[in-house]
Amino acid sequence: MLKLREIIEYVFTEIPSVYLIVGSTLVFLFMGTLAFFIRAKAAKKPISPKRIILPPLFMSTGALMFVFEEFWVPLPQVIESVFVGLLFSLVLIKTTNFEVVEEKLYLKKSKTFLFILGGLLVFRVIAKLILSSTINVGELAGIFWILAFAMILPWRIGMLVKYYKLKNTRK
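Heads up: the sequence shown begins at 25 in our numbering, then just goes up one per residue.
Some clues are possibly wrong.
[As the list claims (entries may be wrong)] Simulated crosslink set (SDA-like; lysine to any residue; CA at most 20 Å straight-line):
{"#": "1", "residue 1": "Lys186", "residue 2": "Pro73"}
{"#": "2", "residue 1": "Lys118", "residue 2": "Tyr188"}
{"#": "3", "residue 1": "Lys152", "residue 2": "Glu163"}
{"#": "4", "residue 1": "Lys152", "residue 2": "Val35"}
{"#": "5", "residue 1": "Lys186", "residue 2": "Lys152"}
{"#": "6", "residue 1": "Lys189", "residue 2": "Pro178"}
{"#": "7", "residue 1": "Lys68", "residue 2": "Leu141"}
{"#": "8", "residue 1": "Lys69", "residue 2": "Glu163"}
{"#": "9", "residue 1": "Lys68", "residue 2": "Tyr130"}
{"#": "10", "residue 1": "Lys133", "residue 2": "Leu184"}
{"#": "11", "residue 1": "Lys152", "residue 2": "Pro98"}
{"#": "12", "residue 1": "Lys186", "residue 2": "Phe92"}
{"#": "13", "residue 1": "Lys152", "residue 2": "Phe90"}
{"#": "14", "residue 1": "Lys118", "residue 2": "Leu141"}
{"#": "15", "residue 1": "Lys189", "residue 2": "Glu126"}
{"#": "16", "residue 1": "Lys68", "residue 2": "Pro178"}
{"#": "17", "residue 1": "Lys65", "residue 2": "Ser134"}
{"#": "18", "residue 1": "Lys74", "residue 2": "Leu184"}
{"#": "19", "residue 1": "Lys128", "residue 2": "Lys189"}
{"#": "20", "residue 1": "Lys68", "residue 2": "Val124"}
{"#": "21", "residue 1": "Lys27", "residue 2": "Phe92"}
{"#": "22", "residue 1": "Lys74", "residue 2": "Lys186"}
{"#": "23", "residue 1": "Lys152", "residue 2": "Leu99"}
{"#": "24", "residue 1": "Lys133", "residue 2": "Asn121"}
{"#": "25", "residue 1": "Lys74", "residue 2": "Val124"}
{"#": "26", "residue 1": "Lys132", "residue 2": "Arg75"}
The hints are simulated quantities; they were obtained by calculation from the structure and are not laboratory data.
Taking the hints into account, I'd like the entire structure generated from these sequences.
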């Protein structure tokens with residue numbers, strides 16, 4: 025049985041980077057579309073602290089990619105990715121609101137949020153296509169993971185703060 029290290033080395037040495045970029049972009053677009061549907065379905069259920077906290081917790085397991093050298097990101101790109109992620113998170117925090125329906129808290133439906141999420145998806149695809157000509161695929165994956173985590177973590181913390189503020193003002 026192949027070891028994970030051997031699989032990663034094979035992928036990064038034997039498969040042309042253009043295939044990796046196209047393949048990962050298609051997977052990303054599929055996952056982004058899936059996120060739209062999951063978000064729409066989730067808005068029909070009351071929100072809870074657990075439902076706010078779990079996504080970044082699950083996503084944090086992706087940091088294990090940095091065990092492998094192919095995914096290492098130089099410090100300047102880490103700083104840039106975190107900065108861009110934090111900027112995007114401010115937009116998400118601002119556009120994420122709650123509403124009270126029958127004494128339960130729900131995410132407020134917002135067309136603005138869907139446009140922002142769609143815009144972020146388009147931005148990521150375009151940035152990936154542009155950057156893939158100068159940055160190797162593994163490093164690019166690391167950069168985008170850092171950016172996404174730096175966006176999702178503060179956004180979810182902001183959601184949690186808003187959740188408890190609204191919950192406490194209702195008492």
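Satisfaction of hint between Tyr188 and Lys118, Cα-Cα up to 20 Å: holds, 16 Å
Pair hint Lys27 and Phe92, alpha-carbon separation not exceeding 20 Å: holds, 13 Å
Going straight from one Cα to the other, do Lys68 and Tyr130 come out at no more than 20 Å? With a Cα-Cα distance of about 7 Å, the restraint between Lys68 and Tyr130 holds, given a limit of 20 Å.
Going straight from one Cα to the other, do Lys68 and Leu141 come out at no more than 20 Å? holds, 18 Å
Need the status of pair Lys118, Leu141: alpha-carbon distance at most 20 Å? holds, 13 Å
Hint consistency between Lys152 and Pro98 [alpha-carbon to alpha-carbon, up to 20 Å]: holds, 17 Å
Does the structure keep Lys68 and Val124 at a Cα separation of 20 Å or less? Cα-Cα ~12 Å, so holds.
Assess, step by step, whether the Cα of Lys189 is no farther than 20 Å from the Cα of Glu126, and give holds or violated. Between Lys189 and Glu126 the Cα gap is close to 18 Å, so the pair holds against 20 Å.
Can the restraint linking Lys128 and Lys189 be considered satisfied, given a maximum Cα separation of 20 Å? Between Lys128 and Lys189 the Cα gap is close to 14 Å, so the pair holds against 20 Å.
Taken at face value, is the distance from the CA of Val124 to the CA of Lys74 at most 20 Å? holds, 18 Å
Check whether the Cα positions of Lys189 and Pro178 lie no farther apart than 20 Å. holds, 16 Å
Is Lys152 within 20 Å of Phe90, Cα to Cα? With a Cα-Cα distance of about 19 Å, the restraint between Lys152 and Phe90 holds, given a limit of 20 Å.
Consistency with the previously given hints fails for numbers 5, 8, 12, 16, ordered from lowest to highest.
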